[in-house]
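A.B. asks: Note that the protein sequences, when read in sequence, are chains V and E. Residue numbering for the first sequence follows the working numbering, starting at 5 and increasing by one per position. Residue numbering for the second sequence follows the working numbering, starting at 340 and increasing by one per position.
Honestly, the hints are just simulated from the structure, not real lab data. Warning: the hint list may mix true and false statements.
Stated by the list, open to error - Calculated from the model, a selection of chain V residues having no Cβ within reach of chain E, i.e. all distances over 10 angstroms:
| hint | residue |
| --- | --- |
| 1 | 25 |
| 2 | 135 |
| 3 | 215 |
To be verified - Simulated pairs of lysine-lysine, BS3-like, Cα-Cα distance not exceeding 27 angstroms:
| hint | chain 1 | residue 1 | chain 2 | residue 2 |
| --- | --- | --- | --- | --- |
| 4 | E | 488 | V | 107 |
| 5 | V | 207 | E | 408 |
| 6 | V | 300 | E | 425 |
| 7 | V | 19 | E | 415 |
| 8 | V | 99 | E | 401 |
| 9 | E | 408 | V | 300 |
| 10 | V | 19 | E | 489 |
| 11 | E | 559 | V | 207 |
| 12 | E | 485 | V | 297 |
| 13 | V | 19 | E | 408 |
| 14 | V | 300 | E | 401 |
| 15 | E | 471 | E | 483 |
| 16 | V | 60 | E | 485 |
| 17 | E | 408 | V | 297 |
Ideal placement from N, C-alpha and C gives every residue a C-beta, glycine not left out.
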Amino acid sequence: MHVRSLLYFFGEALKSVIHHGWMSIASIAVVSITLLILGSFIVINYNVSLLTEDIKEQVQIVVYIDEEANVRTLRELQRALTDHPELEEVRFVSKEEAMERLKRQMGDRAFLLEGYEEEDKNPLRDSYELRTTVPEDIIRVAHTVQDYPGVGYVDYGSGVVEPLFQFTGVIRWIGLLFMAGLAITAVFLISHTIRLTVYIRRKEIMIMKYVGATDWFIRWPFIFEGLILGLMGAVVPLVIIFYSYQGATQWMSGNIYFISLLPVEEIMPQLLNLLLSLGVVLGVLGSAISVRKFLKV
Amino acid sequence: MTPGPSLLKATKVGCRMIEIYHLYKQYSRDVVALRDINLVIDRGEFAFIVGSSGAGKSTLLKLFLQEIKPSRGSIKIFGRDLSRLKSREVPYLRRNIGMVFQDFRLLEDRNVYENVSFSMRVTGVPIREIRKRVPLTLELVGLKDKAFKKPDELSGGEKQRICLARAIINRPAMVIADEPTGNLDPVTAMEILNLLHEINIRGTTVIVATHAQELVDRMKKRVIVLDQGRIISDQERGVYINAR
């Protein structure tokens, strides 16, 4: 393509955007609104999965050691646990340490534990705290560890962990489904709106065909127009999301401090790439598809 | 973007603008628009194609522009067999045919200058060339002083002059006018026909489809009469013959 043609196409596209002002605004609004909903949802989804990751990270297996076990068995257990490929973290907690923790947890009422502190009176057991690389593996790993030598009993919060994982799984699927649905709606709405702008100009396209313009010559300005509309439609929600998200994180850190949101700098680059490329793809595709119908003269 | 080389060559060498042999066009089982059409139009001719509505005039013009394809028979334009024309070559064929329509088909939101330069811009003619040629063409059709008026500020005759200017600005070998006087009063209609005559004298082949009997008779040009899809008369310096 010549530079001259390129400039012409771009000029025509820009002229058309300005000339069909209301139609352009409508197209940009449709792109903006759909991308705004999509973008907000992505932001929410990010944070929900961050939150659930956080919760899942806290899930652990506690292996209480059999008090009767001899030193050799314990060494074997130690090796078996550290060599386990699915375990990310293996931490030994002595019964003294466990007692300290318990005291801390009881706070003011720690005096109740008085008398249990001495070495031979401590009712607690030595234990290992295990964390799996993939949180969802915890149940299976807990069952295998159960059979290791020197293991008294294993606690992984059964009855609590299962529904938690089910819940986070459902949340993730709902999120994906919702986003897919929104994306499809966006394509549909945008291609229809752009079809309308092309429809308004069908006479122009017909004349172009009669005076011998090639199909690509007719198509390019529309493609550029779609590009401009798509880009503008993506910038609007990006700006809105940026400022409202920034506000939200600030408000949350001041008021609901126990839920931490992803910082805005971390979310924006990904969102920027995604929404801009979506806007461009939607705009260009919408135009190209719409103009095709009118080229058959 | 230059015109397709093959078409350009054909235009220069051949003296036949249009050659049609045993051409049939059937839209459906019962609708036969053209039957056994044989027609040769040479370079530099001025020909009327006349007939009542439904006689097949529009179908014939659509075939010239490769808007539709014949059911049977051959059609050559500028010596080029249209059945062998690739669809990407169609735009270059059309650049050599200037079209004038009854309903003008102007862009209402653009002024006269823009409407006329439109067909140059969309075929990739450089701006310098456009600036040079548009004023000359506007002068030829008598719209020099109205270059910056919008179509709706102008009369029907003036609108048709814009349409004519647009048709000839790319210097086509042939101008085809489909009922160019259909929306005009008799005096204005005659002016438009005279303009077409002038364009013809400058070397462009002109084909006018019409059912304006009186005007056809006054021009004393070749008249091809269509009736129910057949050519029933084809005479030099002819007159409009009513079939029924």
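A.B. asks: Each hint needs a verdict: does it hold in this structure or not?
C.D. replies: Evaluated hints:
Every beta carbon of chain E lies more than 10 angstroms from that of residue 25 of chain V, the smallest distance being close to 12 angstroms; the non-interface claim holds. With a closest Cβ-Cβ approach of about 65 angstroms to chain E, residue 135 of chain V is found to remain outside the 10 angstroms limit, as its non-interface label requires. Distance check on residue 215 of chain V: its Cβ comes as close as 4 angstroms (rounded) to a Cβ of chain E, failing to clear the 10 angstroms threshold; non-interface status is violated. Between the alpha carbons of residue 488 of chain E and residue 107 of chain V the distance comes to roughly 93 angstroms, so the proposed pair goes past 27 angstroms and is violated.
For the suggested pair residue 207 of chain V and residue 408 of chain E, the alpha carbons sit about 23 angstroms apart, so the restraint of at most 27 angstroms is met. The hinted pair formed by residue 300 of chain V and residue 425 of chain E meets the criterion: a straight-line CA distance of about 14 angstroms does not exceed 27 angstroms. The suggested pairing of residue 19 of chain V with residue 415 of chain E is violated, with an alpha-carbon distance near 40 angstroms, which exceeds 27 angstroms. Our distance criterion of 27 angstroms between C-alpha atoms is broken by residue 99 of chain V and residue 401 of chain E, whose separation comes to about 97 angstroms.
A hinted pair counts as satisfied when its Cα atoms are at most 27 angstroms apart, and residue 408 of chain E with residue 300 of chain V qualifies at roughly 13 angstroms. For the given pair, residue 19 of chain V sits about 17 angstroms from residue 489 of chain E by alpha-carbon distance, which is consistent with the 27 angstroms threshold. Distance restraint check for residue 559 of chain E and residue 207 of chain V: the Cα-Cα separation of roughly 35 angstroms exceeds the 27 angstroms cut-off, and the hinted pair is therefore not satisfied. Taken as a hint, the residue 485 of chain E and residue 297 of chain V pair is broken in the structure, with Cα atoms around 35 angstroms apart against an allowance of 27 angstroms.
Between residue 19 of chain V and residue 408 of chain E, the direct Cα distance comes to roughly 36 angstroms. Violation of the 27 angstroms bound is thereby established for this hinted pair. Our distance criterion of 27 angstroms between C-alpha atoms is met by residue 300 of chain V and residue 401 of chain E, whose separation comes to about 13 angstroms. Pair hint residue 471 of chain E plus residue 483 of chain E holds up; C-alpha atoms about 13 angstroms apart against a cutoff of 27 angstroms. With a C-alpha separation of about 77 angstroms, the suggested pairing of residue 60 of chain V with residue 485 of chain E is violated against the 27 angstroms cut-off.
As the CA atoms of residue 408 of chain E and residue 297 of chain V are separated by approximately 19 angstroms, the hinted pair is consistent with the 27 angstroms bound.
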